[in-house]
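S.K.: Sequence:
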Amino acid sequence: MLLKDKLAALAVVFIWGINFYFMKVGISEISPMMLGCLRYIFVLLPALFLIRIPQVGWKWLLLYGLISNFSQFAFMFSAIATGMPTGLVALVVQSQAFFTVIIATFFLKEQASWNQWLAILIASLGLGLIALGQHHSHVPLVGLLLVLCSAFSWACGNIVVKRMKSVHPIGLVVWGNLLTPLWFLLLAIQTTGWQGIIADWHALSWRGFGAAAFLAYFATIIGYGLWIYLLTRYPAAKISPLSLWVPVISMIFAYLVLDEHLNSWQWLGSTIVMLGLMVHLLGQKIKVPFIRRKMIQS
1 MLLKDKLAAL
11 AVVFIWGINF
21 YFMKVGISEI
31 SPMMLGCLRY
41 IFVLLPALFL
51 IRIPQVGWKW
61 LLLYGLISNF
71 SQFAFMFSAI
81 ATGMPTGLVA
91 LVVQSQAFFT
101 VIIATFFLKE
111 QASWNQWLAI
121 LIASLGLGLI
131 ALGQHHSHVP
141 LVGLLLVLCS
151 AFSWACGNIV
161 VKRMKSVHPI
171 GLVVWGNLLT
181 PLWFLLLAIQ
191 TTGWQGIIAD
201 WHALSWRGFG
211 AAAFLAYFAT
221 IIGYGLWIYL
231 LTRYPAAKIS
241 PLSLWVPVIS
251 MIFAYLVLDE
261 HLNSWQWLGS
271 TIVMLGLMVH
281 LLGQKIKVPF
291 IRRKMIQS
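So in UniProt numbering, spot 36 of the sequence shown is number 36, and the numbers just go up one at a time.
No wet-lab data here; the hints were simulated from the structure.
Do not take every clue at face value.
[As the list claims (entries may be wrong)] When the alpha-carbon atoms are kept at most 25 angstroms apart in a straight line, the in silico SDA-like pairs for lysine to any residue are as follows:
(1) K109 <-> K162
(2) K162 <-> R52
(3) K24 <-> A213
(4) K24 <-> A199
(5) K24 <-> L256
(6) K165 <-> V257
(7) K4 <-> I159
(8) K59 <-> Y234
(9) K162 <-> W245
(10) K162 <-> P235
(11) K6 <-> K162
(12) K24 <-> V139
(13) K165 <-> I103
(14) K59 <-> L258
(15) K165 <-> Y229
(16) K162 <-> C149
(17) K59 <-> I170
(18) K162 <-> I120
(19) K109 <-> L178
(20) K165 <-> F218
(21) K4 <-> V139
(22) K24 <-> I41
(23) K59 <-> I221
(24) K24 <-> L185
(25) K109 <-> S166
(26) K109 <-> T232
(27) K165 <-> V56
(28) K165 <-> L108
(29) K24 <-> H261
(30) K162 <-> S71
(31) K59 <-> I102
(32) K109 <-> K24
(33) K109 <-> I120
(34) K24 <-> Y234
(35) K162 <-> A9
(36) K162 <-> G57
Just need the whole structure built from these sequences, with the hints factored in.
M.R.: Right under this line is the structure:
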């Protein structure tokens, strides 16, 4: 990977690591669906008048926005609203890497290595322990299930990007979300009604607007723009594990700023998931020196 691409990946990891804090801030003021609506209004304005429409069919553009943005964050914001710790959300949603590998293997015929399958098994055990921890905490298990749905949506969005092959990253992020605010608004009407929407608007402070703006301009336009750029240049199985460093930053930030604490089952499960992520990321690098050493000895 080129140095500039490594720096791009580092920027994505940092922005996405701290963006869960801004989700928490936004949801503390307004409903999850209205936060999503406001976020993507900011994504569209003023970029819609500055960025050209990418040379991709409209069905792919709108499918990307529906799956990778509306679906993913409708589930994620709802999970945070249940009281799910943001550090844990940041960790569990990285199961998108495993979902991406599985989908890419069976539908795009990409080759998955031994360490990626082993990592999926290890992480599955960790997720099971986290689920047990949720059962023993005050946070309902439905929060964990919502995050897994969010991760699956993200993975499906990754596959949509891979199917598009070459695409302008920022153009996709902007024009692909042309209808995303509408989907969030319709869901908000269905869940809270117009009275709830009006109440949310009156409850918004500068902190809520600032949180939505960060989620739009940094986490979405810059973060997803760089992420799509990397996905279109490298195999999905190589890029998707990079996001596994996001929960490290997020958990540290959540502990220092939000004073979030996990119970022993959640910590144990998180440790095992991180072990799976390390196997996913470093397994091949460990195997090659081992094979070379055996060849020299023989």
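S.K.: If a hint holds in the structure, say so; if it does not, say that too.
M.R.: Verification of the hints:
1. Under the criterion of a C-alpha separation no larger than 25 angstroms, the hint pairing K109 with K162 is consistent with the structure, at around 12 angstroms.
2. Between K162 and R52 the CA atoms are separated by roughly 20 angstroms; this keeps the pair inside 25 angstroms, and the hint holds.
3. With a C-alpha separation of about 14 angstroms, the suggested pairing of K24 with A213 holds against the 25 angstroms cut-off.
4. For the hint pairing K24 with A199, the CA-to-CA distance comes to about 18 angstroms; that is within 25 angstroms, so the pair holds.
5. Distance restraint check for K24 and L256: the Cα-Cα separation of roughly 14 angstroms lies within the 25 angstroms cut-off, and the hinted pair is therefore satisfied.
6. Between the alpha carbons of K165 and V257 the distance comes to roughly 39 angstroms, so the proposed pair goes past 25 angstroms and is violated.
7. Annotation: proposed proximity of K4 to I159 holds, straight-line Cα distance about 24 angstroms (limit 25 angstroms).
8. Of the pairs offered as hints, the one joining K59 and Y234 holds, with about 24 angstroms between alpha carbons and a cut-off of 25 angstroms not exceeded.
9. With a C-alpha separation of about 22 angstroms, the suggested pairing of K162 with W245 holds against the 25 angstroms cut-off.
10. Between K162 and P235 the CA atoms are separated by roughly 9 angstroms; this keeps the pair inside 25 angstroms, and the hint holds.
11. A distance of roughly 20 angstroms separates the Cα atoms of K6 and K162; the hinted pair therefore holds under the 25 angstroms criterion.
12. Between the alpha carbons of K24 and V139 the distance comes to roughly 15 angstroms, so the proposed pair stays at or under 25 angstroms and holds.
13. For the hint linking K165 to I103, the alpha-carbon distance of about 16 angstroms falls within 25 angstroms, and the restraint holds.
14. For the suggested pair K59 and L258, the alpha carbons sit about 40 angstroms apart, so the restraint of at most 25 angstroms is broken.
15. Proposed proximity of K165 and Y229 is supported: the alpha carbons are some 10 angstroms apart, at most 25 angstroms.
16. For a cut-off of 25 angstroms, the pair hint linking K162 to C149 stands: about 20 angstroms separates their Cα positions.
17. For a cut-off of 25 angstroms, the pair hint linking K59 to I170 stands: about 17 angstroms separates their Cα positions.
18. A distance of roughly 21 angstroms separates the Cα atoms of K162 and I120; the hinted pair therefore holds under the 25 angstroms criterion.
19. Our distance criterion of 25 angstroms between C-alpha atoms is broken by K109 and L178, whose separation comes to about 31 angstroms.
20. In summary, the hint linking K165 to F218 is supported, as the alpha carbons are separated by about 24 angstroms, within the 25 angstroms threshold.
21. A threshold of 25 angstroms between alpha carbons decides the hint, and for K4 with V139 the separation of about 41 angstroms lies outside it, so the pair is violated.
22. Distance hint between K24 and I41 is fulfilled; the C-alpha atoms sit about 19 angstroms from each other, no more than 25 angstroms.
23. With a C-alpha separation of about 21 angstroms, the suggested pair K59 and I221 falls inside the 25 angstroms cut-off, and the hint holds.
24. For the hint linking K24 to L185, the alpha-carbon distance of about 19 angstroms falls within 25 angstroms, and the restraint holds.
25. At most 25 angstroms may separate the alpha-carbon atoms for a hinted pair to count; K109 and S166 meet this at roughly 18 angstroms.
26. Between K109 and T232 the alpha-carbon distance is near 16 angstroms, which keeps this suggested pair within the 25 angstroms criterion.
27. For the hint linking K165 to V56, the alpha-carbon distance of about 10 angstroms falls within 25 angstroms, and the restraint holds.
28. Simply put, K165 and L108 have alpha-carbon atoms about 12 angstroms apart, close enough for the 25 angstroms limit, and the pair holds.
29. Our distance criterion of 25 angstroms between C-alpha atoms is met by K24 and H261, whose separation comes to about 15 angstroms.
30. For a cut-off of 25 angstroms, the pair hint linking K162 to S71 stands: about 18 angstroms separates their Cα positions.
31. With a CA separation close to 24 angstroms, the supplied pair K59 and I102 stays within the 25 angstroms bound.
32. Between K109 and K24, the direct Cα distance comes to roughly 38 angstroms. Violation of the 25 angstroms bound is thereby established for this hinted pair.
33. The suggested pairing of K109 with I120 holds, with an alpha-carbon distance near 18 angstroms, which does not exceed 25 angstroms.
34. Under the criterion of a C-alpha separation no larger than 25 angstroms, the hint pairing K24 with Y234 is inconsistent with the structure, at around 32 angstroms.
35. Annotation: proposed proximity of K162 to A9 holds, straight-line Cα distance about 17 angstroms (limit 25 angstroms).
36. Proximity of K162 to G57 is assessed by CA-CA distance (about 14 angstroms); at most 25 angstroms being required, the pair is judged to hold.
The earlier numbered hints that this structure contradicts are 6, 14, 19, 21, 32, 34.
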